[in-house]
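A.B. asks: Please work from the sequences and hints to get the whole structure.
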Amino acid sequence: MAQLKELYEAILNGDAKKAHAVTQAAIATGMEPMLLIAESMVPAMDEVGRLFEEEEYFVPELLLAGRAMRSAMELLRPLMVASGEKLSAKVVIGTVKGDLHDIGKNIVASMLEGSGFDVIDLGTDVAPEKFVAAVNEQEPQVVCMSALLTVTMPAMKTTIDALKAAGVRTRVKVLIGGAPVTMQYAREIGADGYSENASAAVGLVRSLLAERK
Amino acid sequence: MITTKRAKRKYSSLAIPNVDQLLYGVCPHPLESGLGLTIGGGSVFAEVNFTLPPMNMTTETWPEVVAHYEQMAEQILRRASALAVPGIVLEFELLPPMTERPEWGAELTSLLKRHLRTYHDKHHLSCALRVTPTDIRDQLKPPFMRSGEPWTRLKRSLELCAGAGADILSIESIGGKEVHDQALMYGDFQGIVFALGVLAPRDVSWLWGEIDEICDRYPGVVPGGDSACGFANTAMQLAHQKMLPEVLAAVVRAMSAVRSLAAFEQGAVGPSKDCAYEGPVMKAITGYPISMEGKSASCAHFSPLGNIAAAMCDLWSNESVQNVRLLSGNAPEVFTELLAYDCRLMNTAAASEGGALQMRNWMTASDEWLSPQAAVLSPAATIKIAQAIVGAETPYHRTIAAGRAAVEILKGGIAQDKLRLSRKEQQWLTRIDVALADFPQDEATLMWDLEPQYGNLYDKASYGF
Numbered sequence: 001m002a003q004l005k006e007l008y009e010a011i012l013n014g015d016a017k018k019a020h021a022v023t024q025a026a027i028a029t030g031m032e033p034m035l036l037i038a039e040s041m042v043p044a045m046d047e048v049g050r051l052f053e054e055e056e057y058f059v060p061e062l063l064l065a066g067r068a069m070r071s072a073m074e075l076l077r078p079l080m081v082a083s084g085e086k087l088s089a090k091v092v093i094g095t096v097k098g099d100l101h102d103i104g105k106n107i108v109a110s111m112l113e114g115s116g117f118d119v120i121d122l123g124t125d126v127a128p129e130k131f132v133a134a135v136n137e138q139e140p141q142v143v144c145m146s147a148l149l150t151v152t153m154p155a156m157k158t159t160i161d162a163l164k165a166a167g168v169r170t171r172v173k174v175l176i177g178g179a180p181v182t183m184q185y186a187r188e189i190g191a192d193g194y195s196e197n198a199s200a201a202v203g204l205v206r207s208l209l210a211e212r213k
Numbered sequence: 001m002i003t004t005k006r007a008k009r010k011y012s013s014l015a016i017p018n019v020d021q022l023l024y025g026v027c028p029h030p031l032e033s034g035l036g037l038t039i040g041g042g043s044v045f046a047e048v049n050f051t052l053p054p055m056n057m058t059t060e061t062w063p064e065v066v067a068h069y070e071q072m073a074e075q076i077l078r079r080a081s082a083l084a085v086p087g088i089v090l091e092f093e094l095l096p097p098m099t100e101r102p103e104w105g106a107e108l109t110s111l112l113k114r115h116l117r118t119y120h121d122k123h124h125l126s127c128a129l130r131v132t133p134t135d136i137r138d139q140l141k142p143p144f145m146r147s148g149e150p151w152t153r154l155k156r157s158l159e160l161c162a163g164a165g166a167d168i169l170s171i172e173s174i175g176g177k178e179v180h181d182q183a184l185m186y187g188d189f190q191g192i193v194f195a196l197g198v199l200a201p202r203d204v205s206w207l208w209g210e211i212d213e214i215c216d217r218y219p220g221v222v223p224g225g226d227s228a229c230g231f232a233n234t235a236m237q238l239a240h241q242k243m244l245p246e247v248l249a250a251v252v253r254a255m256s257a258v259r260s261l262a263a264f265e266q267g268a269v270g271p272s273k274d275c276a277y278e279g280p281v282m283k284a285i286t287g288y289p290i291s292m293e294g295k296s297a298s299c300a301h302f303s304p305l306g307n308i309a310a311a312m313c314d315l316w317s318n319e320s321v322q323n324v325r326l327l328s329g330n331a332p333e334v335f336t337e338l339l340a341y342d343c344r345l346m347n348t349a350a351a352s353e354g355g356a357l358q359m360r361n362w363m364t365a366s367d368e369w370l371s372p373q374a375a376v377l378s379p380a381a382t383i384k385i386a387q388a389i390v391g392a393e394t395p396y397h398r399t400i401a402a403g404r405a406a407v408e409i410l411k412g413g414i415a416q417d418k419l420r421l422s423r424k425e426q427q428w429l430t431r432i433d434v435a436l437a438d439f440p441q442d443e444a445t446l447m448w449d450l451e452p453q454y455g456n457l458y459d460k461a462s463y464g465f
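Top to bottom, those sequences are chains E and W. The C-terminal residue of the first sequence carries number 213 in the numbering used here, and the numbering is unbroken. The C-terminal residue of the second sequence carries number 465 in the numbering used here, and the numbering is unbroken.
Check before you lean on any hint, since a few could be wrong.
Partner residues are not named here, just some residues of chain W that face chain E (Cβ under 8 Å, in silico) [what the hints assert, rightly or not]:
1. Leu95
2. Pro97
3. Gln139
4. His240
5. Gln241
6. Lys242
Simulated restraints, written as ranges between beta carbons of each label pair [as the list claims (entries may be wrong)]:
7. Lys411/W to Asn13/E: 24 to 32 Å
8. Glu60/W to Pro78/E: 45 to 53 Å
9. Gly41/W to Ala179/E: 31 to 39 Å
10. Asn13/E to Lys141/W: 42 to 50 Å
11. Asp46/E to Asp20/W: 52 to 60 Å
12. Ala437/W to Ala25/E: 30 to 38 Å
Calculated lysine-lysine pairs in the BS3-like style (CA-CA distance at most 30 Å, straight line) [as the list claims (entries may be wrong)]:
13. Lys17/E to Lys242/W
14. Lys10/W to Lys155/W
15. Lys18/E to Lys424/W
16. Lys155/W to Lys130/E
17. Lys18/E to Lys130/E
18. Lys141/W to Lys157/E
In case anyone wonders, no lab produced these hints; they're calculated from the structure. Where a beta carbon is used, it is the ideal one built from N, C-alpha and C, also for glycine.
C.D. replies: Encoded structure:
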């Protein structure tokens with residue numbers, strides 16, 4: 001059980017090498033993947049999230065913790081797939097057509113990943129049809145879109161319309177964000193949610209997914 | 001008209017070594033630009049920047065886009081004229097589709113110049129037009145900086161805007177950002193220095209060589225200056241949102257001056273971009289005028305530099321404001337009025353003996369120790385950082401030297417109990433201090449060390465490797 005604490009500490013401290021090594025050792029001793037996730041990884045990331053909310057951690061500490069968690073998950077994922085365990089929810093994310101500003105999107109993607117979501121990052125300047133194709137191919141539960149410019153905001157509506165036209169809109173929750181975006185705009189264009197910042201985006205994804213259940 | 005070939009140069013000393021001579025409105029190399037305007041020759045002028053409200057930009061909506069720019073130009077200049085401003089600069093920052101379709105950017109450049117010419121001819125308004133195409137070279141991963149369709153379009157946009165009436169060409173270049181973004185997010189100081197001190201200066205040098213050549217072909221068009229907006233302003237905004245340490249953002253700011261200076265080394269003559277808060281360092285080193293933004297740019301973004309940013313400016317900008325209706329008129333003309341009064345007060349103070357120095361010192365004292373970002377922007381800090389930069393040989397060594405100078409300024413403020421930082425911020429300052437003491441002797445070693453982490457993010461040929 002010392003390994004559970006070690007893995008917890010390694011993630012909390014953003015030590016990817018140690019997280020990987022401890023996980024490898026734990027697997028070798030026959031420890032169940034779900035036990036490692038439930039007893040070490042999820043509590044560690046919850047604590048990281050708390051420290052971030054309390055302004056004790058900045059984004060670098062948060063991302064390093066996420067990286068440490070991923071290094072452990074790399075080892076656990078094949079075992080979980082083999083044993084038929086359910087993996088975490090999938091999120092497709094990108095900046096909308098015409099918008100190249102991706103730093104906010106990258107933070108949200110990293111924070112979602114660090115929180116255990118399976119994130120498919122489509123990158124920048126993503127055309128509506130590319131979002132539609134990703135929904136069809138990746139079967140995510142959530143689509144996140146970001147725009148920094150007032151002139152690229154309308155592409156969010158175009159993308160939602162494209163999801164509707166393709167008949168896949170009801171399969172996903174759509175979240176939007178970015179400096180000029182507002183909750184009112186989210187409502188106007190038929191998005192399911194809007195987040196003002198990256199950490200709130202993670203909470204929003206969680207709550208929207210909880211609604212679906 | 002300036003038609004003389006601008007020299008390439010390397011700065012090894014300061015054009016303004018005396019801190020009391022680092023003032024707003026004056027510089028050793030004032031710029032005659034546009035229609036009768038002299039920037040840095042004794043007065044501060046408003047630089048008004050404006051943009052569209054939320055709307056689609058397509059062939060169908062283009063007439064509506066043009067109508068917005070007609071309205072903004074007319075209203076800004078009418079209000080400026082009503083307030084009897086002694087001079088004004090309009091800045092046209094192209095939106096990405098306007099750079100993607102260079103003819104669009106050129107059409108609006110021509111439109112704006114027509115309005116400026118009318119007000120110059122009818123109302124004797126001294127004025128100039130700065131045009132800033134969007135750096136669209138980061139469309140691919142990794143981005144290609146020196147070839148490919150985005151660069152071809154950007155170059156054509158610069159050419160067409162120069163031909164359509166721009167007086168000053170600028171850009172907020174993004175070379176190195178593909179590495180800096182990731183390094184910044186992970187707080188990886190080696191990656192940050194590699195991006196700011198190795199990749200970015202190489203790109204700025206190459207790009208500004210190209211811009212200088214374009215300006216050579218268009219008499220009267222000058223290469224203005226760059227901005228580390230995508231680097232240091234990103235860090236500043238994230239620090240404001242408590243996502244990054246304030247001290248990290250402040251040190252990044254100081255280090256970013258090296259890559260922005262590279263534009264001047266390739267022929268830029270100012271004014272540097274308004275969002276280049278590293279501008280005072282460039283002014284101290286080069287003696288060319290700068291544009292700055294602060295309290296009257298709160299329409300665009302937060303900064304903890306409202307007053308101190310004006311302390312050494314030659315143009316005073318609102319950064320950007322959307323064409324939306326407010327009670328007294330549309331936002332661009334409203335912000336023209338704010339800038340006009342800011343400038344009038346600064347110029348009135350400067351008209352009396354010692355007034356500019358007194359005003360500068362008040363603006364500095366108002367903000368200096370309330371944030372690390374402001375602490376590295378005071379005139380005294382500016383001189384220290386500038387001296388550190390010119391005292392080192394290569395951009396890589398200059399970047400490290402600027403970072404160390406910034407750390408010393410912040411430590412000095414803490415030691416004197418002027419700068420108060422949280423425990424976490426102090427831990428980060430120590431961490432940065434330690435990191436800066438442990439860099440390889442040369443950039444090639446650093447590049448080799450970082451290859452596993454960042455090698456896949458950038459195209460080596462784009463940086464001349």
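A.B. asks: It remains to establish, for every hint, whether it holds in the given structure.
C.D. replies: Do the hints match the structure? See the list:
no.	hint	in the structure
1	Leu95	holds (5 Å)
2	Pro97	holds (6 Å)
3	Gln139	holds (6 Å)
4	His240	violated (11 Å)
5	Gln241	holds (6 Å)
6	Lys242	holds (5 Å)
7	Lys411/W to Asn13/E: 24 to 32 Å	holds (26 Å)
8	Glu60/W to Pro78/E: 45 to 53 Å	holds (51 Å)
9	Gly41/W to Ala179/E: 31 to 39 Å	holds (36 Å)
10	Asn13/E to Lys141/W: 42 to 50 Å	violated (30 Å)
11	Asp46/E to Asp20/W: 52 to 60 Å	holds (55 Å)
12	Ala437/W to Ala25/E: 30 to 38 Å	holds (35 Å)
13	Lys17/E to Lys242/W	holds (27 Å)
14	Lys10/W to Lys155/W	holds (25 Å)
15	Lys18/E to Lys424/W	holds (24 Å)
16	Lys155/W to Lys130/E	holds (29 Å)
17	Lys18/E to Lys130/E	violated (38 Å)
18	Lys141/W to Lys157/E	holds (26 Å)
Of the hints listed earlier, those the structure fails to meet are numbers 4, 10 and 17, in rising order.
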